[in-house]
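S.K.: Sequence:
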Amino acid sequence: MKFKLTLIVCILAGLFWGSFATANPLGNLQAATRLSVNDAETNIPSSTTFGKENPFVLGPEDMLSISVWGNKELTIMEMPVRPDGTISYPLIGDMKAQGLTPAELKENITQKLRKYIKDASVTVVVMAINSINISVAGEVKAPGTYKINRPVTLMHMFSVVQGFTQQADLRKSYILRDGKKLNVDINALIKDDDFSQNIWLKPNDIIFIHDNFESRVNITGEVKAPQVITYQEGMTIMDAVLLSGGLTDIAKANATQIYRKKGDRSEQNIEKINVELDKVIFDGDLSKNTVLQPGDIIFVPRSFF
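Mapping to my numbering: the sequence shown position 185 is 185, numbers consecutive.
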């Protein structure tokens with residue numbers, strides 16, 4: 001119940017967060033947030049930052065306003081960061097902006113202006129954030145690449161993509177960042193409220209939600225609805241039987257078998273586990289109600305007598 005409630009809240013939040021992300025991948029957005037840096041301090045609202053350990057950095061297409069106190073000639077109200085990550089500023093010329101925080105850019109401009117203006121008071125304002133492109137692939141309802149106009153967390157992004165499909169394995173998700181794989185446990189975030197997993201995303205992050213193919217349970221043989229079932233932690237063989245509509249009239253319950261993979265992929269063996277399912281059903285012997293594991297195959301044979 002806790003899992004469902006948290007997920008519903010996450011999806012409903014998409015109605016709000018939709019205003020911060022394009023409905024279609026890579027659409028154009030207007031700025032909703034302004035980040036200001038002056039000569040005294042960095043003034044970035046906490047609700048829109050990556051946090052102290054992961055500050056927002058500038059990127060291509062971000063729109064800046066740069067001014068010097070008392071000098072109108074050096075006040076540029078709209079200065080885009082070019083595709084190559086640079087800006088062009090009076091007296092200085094071309095200079096790098098991509099990869100810098102607003103505070104770092106302000107300091108660089110101040111240093112370069114010193115040969116022309118003593119004690120220049122520089123202000124850098126981020127008028128629009130257009131450089132945050134986040135991709136989400138795999139088992140989500142609306143995969144794609146989205147242009148986001150403010151820093152977002154992992155949970156925020158899931159509301160943008162409208163949640164997960166039924167085939168999602170939230171334990172095996174990961175983020176590709178700067179060529180490296182960052183594992184995240186979304187199941188722990190949603191089900192156990194482990195907010196350490198709700199990390200701030202960076203521009204060009206790729207989030208991949210793995211499918212649960214290897215985490216499914218297959219039940220076949222003499223059940224009314226043989227099928228592949230999404231594994232849930234703590235699931236038992238009786239849970240699988242009930243989800244499959246129960247046994248047929250010719251099922252040989254006392255000869256039920258579970259086939260389970262053992263070892264890693266390089267040396268994988270199959271273990272056969274005999275289950276006296278009749279004692280669970282007819283005698284209520286819960287000690288025989290075997291707990292399943294991801295990838296188990298349950299076979300209920302036919303009785304010929």
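Careful, some of the hints might be misleading.
Listed next, with one range per pair, are the computed distances between beta-carbon atoms [stated by the list, open to error]:
1. Asn198 / Ala142: 18 to 26 Å
2. Gln227 / Ile270: 14 to 22 Å
3. Pro90 / Ala142: 25 to 33 Å
4. Lys96 / Trp69: 41 to 49 Å
5. Lys224 / Ala142: 41 to 49 Å
6. Asn198 / Asp119: 38 to 46 Å
7. Ala137 / Gln257: 32 to 40 Å
8. Gln257 / Gly179: 42 to 50 Å
9. Met77 / Val228: 58 to 66 Å
10. Pro301 / Leu176: 25 to 33 Å
11. Leu176 / Ser88: 27 to 35 Å
Okay, derived cross-link-like pairs now, DMTMM-like style, lysine to aspartate or glutamate, Cα gap no bigger than 20 Å in a straight line [unchecked claim]:
12. Lys261 / Asp211
13. Lys272 / Asp185
14. Lys262 / Glu233
15. Lys262 / Asp193
16. Lys72 / Glu61
17. Lys288 / Glu233
18. Lys224 / Asp178
19. Lys115 / Glu139
20. Lys191 / Glu233
21. Lys272 / Asp193
22. Lys96 / Glu139
23. Lys202 / Glu61
24. Lys96 / Glu107
25. Lys181 / Asp192
26. Lys202 / Glu233
27. Lys191 / Asp211
28. Lys261 / Asp249
29. Lys279 / Glu214
30. Lys202 / Glu214
31. Lys191 / Glu222
32. Lys141 / Asp178
33. Lys172 / Glu222
34. Lys172 / Asp211
35. Lys272 / Asp283
36. Lys261 / Glu233
37. Lys181 / Glu222
38. Lys72 / Glu139
These aren't lab readings, by the way, just hints derived from the structure by calculation. For every residue, glycine included, the Cβ atom is placed at its ideal position computed from N, Cα and C.
S.K.: Hints first: check each against the structure and report whether it holds.
M.R.: Results for each hint:
no.	hint	in the structure
1	Asn198 / Ala142: 18 to 26 Å	holds, 20 Å
2	Gln227 / Ile270: 14 to 22 Å	holds, 21 Å
3	Pro90 / Ala142: 25 to 33 Å	violated, 44 Å
4	Lys96 / Trp69: 41 to 49 Å	violated, 24 Å
5	Lys224 / Ala142: 41 to 49 Å	violated, 35 Å
6	Asn198 / Asp119: 38 to 46 Å	holds, 43 Å
7	Ala137 / Gln257: 32 to 40 Å	holds, 37 Å
8	Gln257 / Gly179: 42 to 50 Å	holds, 45 Å
9	Met77 / Val228: 58 to 66 Å	holds, 59 Å
10	Pro301 / Leu176: 25 to 33 Å	violated, 45 Å
11	Leu176 / Ser88: 27 to 35 Å	holds, 33 Å
12	Lys261 / Asp211	holds, 19 Å
13	Lys272 / Asp185	violated, 31 Å
14	Lys262 / Glu233	holds, 18 Å
15	Lys262 / Asp193	violated, 31 Å
16	Lys72 / Glu61	violated, 24 Å
17	Lys288 / Glu233	holds, 18 Å
18	Lys224 / Asp178	violated, 49 Å
19	Lys115 / Glu139	violated, 56 Å
20	Lys191 / Glu233	holds, 12 Å
21	Lys272 / Asp193	violated, 37 Å
22	Lys96 / Glu139	violated, 38 Å
23	Lys202 / Glu61	holds, 15 Å
24	Lys96 / Glu107	holds, 12 Å
25	Lys181 / Asp192	violated, 23 Å
26	Lys202 / Glu233	violated, 32 Å
27	Lys191 / Asp211	holds, 18 Å
28	Lys261 / Asp249	violated, 29 Å
29	Lys279 / Glu214	violated, 29 Å
30	Lys202 / Glu214	violated, 30 Å
31	Lys191 / Glu222	violated, 34 Å
32	Lys141 / Asp178	violated, 25 Å
33	Lys172 / Glu222	violated, 32 Å
34	Lys172 / Asp211	holds, 8 Å
35	Lys272 / Asp283	violated, 23 Å
36	Lys261 / Glu233	holds, 17 Å
37	Lys181 / Glu222	violated, 43 Å
38	Lys72 / Glu139	violated, 52 Å
Checked against the numbered hints above, the structure breaks hints 3, 4, 5, 10, 13, 15, 16, 18, 19, 21, 22, 25, 26, 28, 29, 30, 31, 32, 33, 35, 37, 38 and satisfies the rest.
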